[in-house]
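**Student:** Can you build the whole structure from these sequences, using the hints too?
Residue 128 in the UniProt record's numbering is what sits at position 128 of the sequence shown, and the numbering runs on without skipping anything.
In case anyone wonders, no lab produced these hints; they're calculated from the structure.
Incorrect hints may have been included.
Below, a list of computed lysine-lysine pairs in the PhoX-like style, where the Cα atoms sit at most 20 Å apart [what the hints assert, rightly or not]:
(1) LYS41 <-> LYS3
(2) LYS41 <-> LYS51
(3) LYS91 <-> LYS170
(4) LYS170 <-> LYS189
(5) LYS38 <-> LYS3
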Amino acid sequence: MVKDGQATRRRLLDAAAAEFAAYGIAGARVDRISASAKANKAQLYAYFGDKERLFDAVFQEHAAAIGDSVPLTAEDLPAYALGIYDACLAKPELIRLATWARLERIPAGGLITGMTEEHDRKLTAIAEAQRAGHIDPELAPDDVLAMVSMMALTWSPASLFHAASGTDPKADHDRRRRALAATVRRAFKPSA
1 MVKDGQATRR RLLDAAAAEF AAYGIAGARV DRISASAKAN KAQLYAYFGD
51 KERLFDAVFQ EHAAAIGDSV PLTAEDLPAY ALGIYDACLA KPELIRLATW
101 ARLERIPAGG LITGMTEEHD RKLTAIAEAQ RAGHIDPELA PDDVLAMVSM
151 MALTWSPASL FHAASGTDPK ADHDRRRRAL AATVRRAFKP SA
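**Tutor:** What follows is the structure in structure tokens.
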């Protein structure tokens, strides 16, 4: 019975991720989520309480998956940026979820809540790399992390210039990766 419940919960999360990515929080419909998950609305409400908390669960899960799959080694910020680029190509729904969260919920300030330990670890690693002379010490660690992350998202589905997809030619991805790595390396290098 527990396995059935876990399977139902998983189906609801997966269906909700697709629904929220496509329609946003306000446009998502619990009827469509339940139908897609082959579950009933009562199960959705029993597991998540309401649509808002379901979105929170979906968004946190996707953000944590990216955070877990892309470790930050502050001495190698280009590798971190490339990891984010690749992870977002593999999971473009995260960018769509983040865009909806920004538009419908959190217009300013930090977007991802509940991951403060991971965020603090990254800031500490950047500060240590600054003290060791690997990253420009004149920049605040929080700004370094934000800028590296946004550089990596240059070609994301939220891009105002050009959105990349996993179906783009390998040569295009290779060119973008080289440009991203070189730009991040130069941007945060300590002054001579």
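**Student:** Decide, hint by hint, whether the structure agrees.
**Tutor:** Checked hints:
As the CA atoms of LYS41 and LYS3 are separated by approximately 19 Å, the hinted pair is consistent with the 20 Å bound. With a C-alpha separation of about 10 Å, the suggested pairing of LYS41 with LYS51 holds against the 20 Å cut-off. For the given pair, LYS91 sits about 17 Å from LYS170 by alpha-carbon distance, which is consistent with the 20 Å threshold. Restraint check for LYS170 and LYS189: the C-alpha separation of about 28 Å exceeds 20 Å, so the hint is violated.
Pair hint LYS38 plus LYS3 holds up; C-alpha atoms about 15 Å apart against a cutoff of 20 Å.
Checked against the numbered hints given earlier, this structure breaks only hint 4.
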